[in-house]
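2 protein chains.
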Amino acid sequence: MLIENKIDLQAMGRAAKVSSRQLGTLTTLVKNRALLAIADALEAQAGAIMAANALDMADGRAQGLSEALLDRLMLNQKRIAALAEDTRRVAALPDPVGADFESRVLPNGLRLSKRRIPIGVIGVIYEARPNVTVDVATLCLKTGNAAILRGGKETLRSNIALVNAIQGALSEVGYPANAVQYIESPDRALIGELLRLDAYVDMIIPRGGAALHKLCREQSTIPVITGGIGVCHLFVDASADFVRALDVIENARVQRPSVCNSCDTVLVHRDAAGAFLPMLAERMSDCSVELRATGEALTVLTKDARGARVIAAGPEDFDQEWMALILGVKVVDDVEGAIQHIYAHGSEHSDGILTNDWRNATRFVDAINSSAVFVNASTRFNDGGQFGLGAEVAVSTQKLHARGPMGLEELTTYKWVCLGDWHVRE
Amino acid sequence: MLIENKIDLQAMGRAAKVSSRQLGTLTTLVKNRALLAIADALEAQAGAIMAANALDMADGRAQGLSEALLDRLMLNQKRIAALAEDTRRVAALPDPVGADFESRVLPNGLRLSKRRIPIGVIGVIYEARPNVTVDVATLCLKTGNAAILRGGKETLRSNIALVNAIQGALSEVGYPANAVQYIESPDRALIGELLRLDAYVDMIIPRGGAALHKLCREQSTIPVITGGIGVCHLFVDASADFVRALDVIENARVQRPSVCNSCDTVLVHRDAAGAFLPMLAERMSDCSVELRATGEALTVLTKDARGARVIAAGPEDFDQEWMALILGVKVVDDVEGAIQHIYAHGSEHSDGILTNDWRNATRFVDAINSSAVFVNASTRFNDGGQFGLGAEVAVSTQKLHARGPMGLEELTTYKWVCLGDWHVRE
Numbered sequence: 004m005l006i007e008n009k010i011d012l013q014a015m016g017r018a019a020k021v022s023s024r025q026l027g028t029l030t031t032l033v034k035n036r037a038l039l040a041i042a043d044a045l046e047a048q049a050g051a052i053m054a055a056n057a058l059d060m061a062d063g064r065a066q067g068l069s070e071a072l073l074d075r076l077m078l079n080q081k082r083i084a085a086l087a088e089d090t091r092r093v094a095a096l097p098d099p100v101g102a103d104f105e106s107r108v109l110p111n112g113l114r115l116s117k118r119r120i121p122i123g124v125i126g127v128i129y130e131a132r133p134n135v136t137v138d139v140a141t142l143c144l145k146t147g148n149a150a151i152l153r154g155g156k157e158t159l160r161s162n163i164a165l166v167n168a169i170q171g172a173l174s175e176v177g178y179p180a181n182a183v184q185y186i187e188s189p190d191r192a193l194i195g196e197l198l199r200l201d202a203y204v205d206m207i208i209p210r211g212g213a214a215l216h217k218l219c220r221e222q223s224t225i226p227v228i229t230g231g232i233g234v235c236h237l238f239v240d241a242s243a244d245f246v247r248a249l250d251v252i253e254n255a256r257v258q259r260p261s262v263c264n265s266c267d268t269v270l271v272h273r274d275a276a277g278a279f280l281p282m283l284a285e286r287m288s289d290c291s292v293e294l295r296a297t298g299e300a301l302t303v304l305t306k307d308a309r310g311a312r313v314i315a316a317g318p319e320d321f322d323q324e325w326m327a328l329i330l331g332v333k334v335v336d337d338v339e340g341a342i343q344h345i346y347a348h349g350s351e352h353s354d355g356i357l358t359n360d361w362r363n364a365t366r367f368v369d370a371i372n373s374s375a376v377f378v379n380a381s382t383r384f385n386d387g388g389q390f391g392l393g394a395e396v397a398v399s400t401q402k403l404h405a406r407g408p409m410g411l412e413e414l415t416t417y418k419w420v421c422l423g424d425w426h427v428r429e
Numbered sequence: 004m005l006i007e008n009k010i011d012l013q014a015m016g017r018a019a020k021v022s023s024r025q026l027g028t029l030t031t032l033v034k035n036r037a038l039l040a041i042a043d044a045l046e047a048q049a050g051a052i053m054a055a056n057a058l059d060m061a062d063g064r065a066q067g068l069s070e071a072l073l074d075r076l077m078l079n080q081k082r083i084a085a086l087a088e089d090t091r092r093v094a095a096l097p098d099p100v101g102a103d104f105e106s107r108v109l110p111n112g113l114r115l116s117k118r119r120i121p122i123g124v125i126g127v128i129y130e131a132r133p134n135v136t137v138d139v140a141t142l143c144l145k146t147g148n149a150a151i152l153r154g155g156k157e158t159l160r161s162n163i164a165l166v167n168a169i170q171g172a173l174s175e176v177g178y179p180a181n182a183v184q185y186i187e188s189p190d191r192a193l194i195g196e197l198l199r200l201d202a203y204v205d206m207i208i209p210r211g212g213a214a215l216h217k218l219c220r221e222q223s224t225i226p227v228i229t230g231g232i233g234v235c236h237l238f239v240d241a242s243a244d245f246v247r248a249l250d251v252i253e254n255a256r257v258q259r260p261s262v263c264n265s266c267d268t269v270l271v272h273r274d275a276a277g278a279f280l281p282m283l284a285e286r287m288s289d290c291s292v293e294l295r296a297t298g299e300a301l302t303v304l305t306k307d308a309r310g311a312r313v314i315a316a317g318p319e320d321f322d323q324e325w326m327a328l329i330l331g332v333k334v335v336d337d338v339e340g341a342i343q344h345i346y347a348h349g350s351e352h353s354d355g356i357l358t359n360d361w362r363n364a365t366r367f368v369d370a371i372n373s374s375a376v377f378v379n380a381s382t383r384f385n386d387g388g389q390f391g392l393g394a395e396v397a398v399s400t401q402k403l404h405a406r407g408p409m410g411l412e413e414l415t416t417y418k419w420v421c422l423g424d425w426h427v428r429e
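Protein chains in written order, with the numbering used here: chain S, 4 to 429; chain Y, 4 to 429.
Hints are computed from structural coordinates only; laboratory data are not their basis. One or more hints might be untrue.
Where chains are identical, the list cannot tell them apart; a pair therefore holds if satisfied intra-copy or between any two copies.
Said to hold, decoys possible - Derived DSBU-like pairs: lysine-lysine, alpha-carbon spacing no greater than 35 angstroms straight-line:
1) K156 to K9
2) K9 to K20
3) K217 to K117
4) K117 to K20
5) K217 to K20
6) K306 to K117
7) K156 to K306
8) K306 to K9
9) K20 to K306
10) K156 to K81
11) K20 to K156
12) K217 to K9
Being a predicted model, the structure only gives us computed values, none of them experimental.
In isolation and in its complexed conformation, chain S is listed as follows (with noise of 0.2 angstroms):
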């Protein structure tokens, strides 16, 4: 019975951007007062924010989604609640945007200072999870953003009854109608025409899978913040504290074993190997990892394996994100060793050495370039909760703009601001 709406995205995109022209001067108090209106209308449309979910749900359990993705889509009263934390949270945050720095006088008088301003429309394309909606509107809010949301077709009606609530509230404090825009259809034409609309975007946020990734990259038109594929290392040197070396590792592999700072592959020096690699079979076969190993580490393994359940590993195994109670094991010279393989098979998002030796130390910090680099740590602190942001919108893995954990001022730029008395260039 129901005729879609045809989506205007040339109009969202005009829209988007008259609405961030008054988001940018808007002061931190009118923000706050947006952002705790929303807070109140996540609560208070709970119920119908929940009946969406049960369409969704019940759409995605017809559909045969595995019980791990229809948790990661699943809303009840509680995480309701939680999200409107995270958004009064969001407004208790400081708001990077309007500070001037690197201010200066120039020789001839000219005063020059770098301004704090939002960076305009952003696009975030995303996968599965409804909360990302409030994630990414709240913050876009906050520096000033305007957003234009394109979730998962599997959470349409809950995206939709989410975008409801903040919009309702956005309208209630008089705020620009514009701020927050979803766009309200599955048809998958409409995220290449979104990563085309260079006319008004300014930046395009994807989070999800690395197949979305490459298509942002390979069809946008507008800059792409790529990232959230971790293939992560650690390097366990020949003086590394080997008790303490098993807690890190378990850290970085079991705690969360989905997500994209988790650990991939460890490394060990020869010296290690035959001491430490059976040790790490044991722990992980305590934590139900499997091993997929390669040469001498295979070797070893084989001889020792501590209950542990020990693959050999295939020619690709070092390239994967195994987002999965499996970890790669392989045997390295050396700390050069161990670089040389984060160069090929890294995707430079959190790499770390364990180790007591300064020089090894000081080398692999010097020549792994990943978004974080760690010693003696899990490689599960590069998150921006963790790093003290406050906040995260993605992680980023590129070298442009922003690396690692992006918060809010990475959802910021700069403009230069120069006064001058009528000067002209000599």
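Based on these hints, arrange chain Y on the given structure of chain S.
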């Protein structure tokens, strides 16, 4: 007789990536030694460079290139000496690479900082002027980046001679061989191939006209720094000092008409129009600047042109980057009118207000998010040298990474360095 070598861009990319990993850990002393060797080589090989340039010039003349283009193409002893001097100046600049910043210790004791690192491999696509070859190569070397260069076909032989001098100097001081590579073929298909070399190239800088920027935005799978296109405005508020405003406008329009930070349109407050426009006409007439006026401005100027050539502006004249002694003129109601005109027609490069009114100055600076915003100063200041950056590789008008003049620091990025004491995440 010459059989052209097949250019293998994949191999060039791989080689650049390998080199970039060595370059990133070189000391400033080593990098400066290489730069000084390049300066010496340019001077020593001036004869060979000029001989190659003479062939390019002869071809250019035969093909009927304009005198202006031929002048940009031409290298003589003096210009080569200037390139060598510029290279020595880059050697003398501070090296931004390696510094830690925003260091902190997290509550759990994890020691965290951002460390400045090279971007990696930079692809630069440019037109006409051969001096860009030396500029870009030296700025990339100073910041530890590898460069893959692609200049215009009109300067192919000049560029090859310059790159030979650079590469010879690098090999003499034992520098990584593929730090600077040049695509030695006029085949345009190679540009498309370079733009998709995302496995090896981290950033693309186009230096040329709007068509080149558009091509890069549309075809590149690598982040592109767009910029260099300036439709720049000065708004003359009713409260401006008219005589000093004329000096600023003259400087912004006339000093160097063909550059991106020159002023294309003057917007005049309605209350100032009757008095100011004839003064503007007189000054522009003195400077041989043709005026393109519309509406009330056209009416006033037609009555009292003071010898200036005044033409009715066509519908797209206010979207022009004139690159010539032409100036658009329009009357606006007030500062809001000026802001709306700039939103509709500007390119977010350089825009300014000429005023003595505090509120209007503040509103203009708040509302205009161009890469540089000016109060009572010429748009010509939006330049790396003028802003004190010491060098400039491009002027960015996009929102990510860097805005306005890009110097050495803007050719770097950062990684997070996290030093732990066997820290695991809770």
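So, going through the hints one by one against the coordinates:
no. : hint         : in the structure
1   : K156 to K9   : within (17 angstroms within a copy, 47 angstroms between copies)
2   : K9 to K20    : within (20 angstroms within a copy, 46 angstroms between copies)
3   : K217 to K117 : both (33 angstroms within a copy, 27 angstroms between copies)
4   : K117 to K20  : both (22 angstroms within a copy, 33 angstroms between copies)
5   : K217 to K20  : both (26 angstroms within a copy, 20 angstroms between copies)
6   : K306 to K117 : neither (62 angstroms within a copy, 43 angstroms between copies)
7   : K156 to K306 : neither (49 angstroms within a copy, 63 angstroms between copies)
8   : K306 to K9   : neither (64 angstroms within a copy, 51 angstroms between copies)
9   : K20 to K306  : neither (64 angstroms within a copy, 39 angstroms between copies)
10  : K156 to K81  : within (23 angstroms within a copy, 64 angstroms between copies)
11  : K20 to K156  : within (26 angstroms within a copy, 39 angstroms between copies)
12  : K217 to K9   : both (27 angstroms within a copy, 29 angstroms between copies)
Of the hints listed earlier, those the structure fails to meet are numbers 6, 7, 8 and 9, in rising order.
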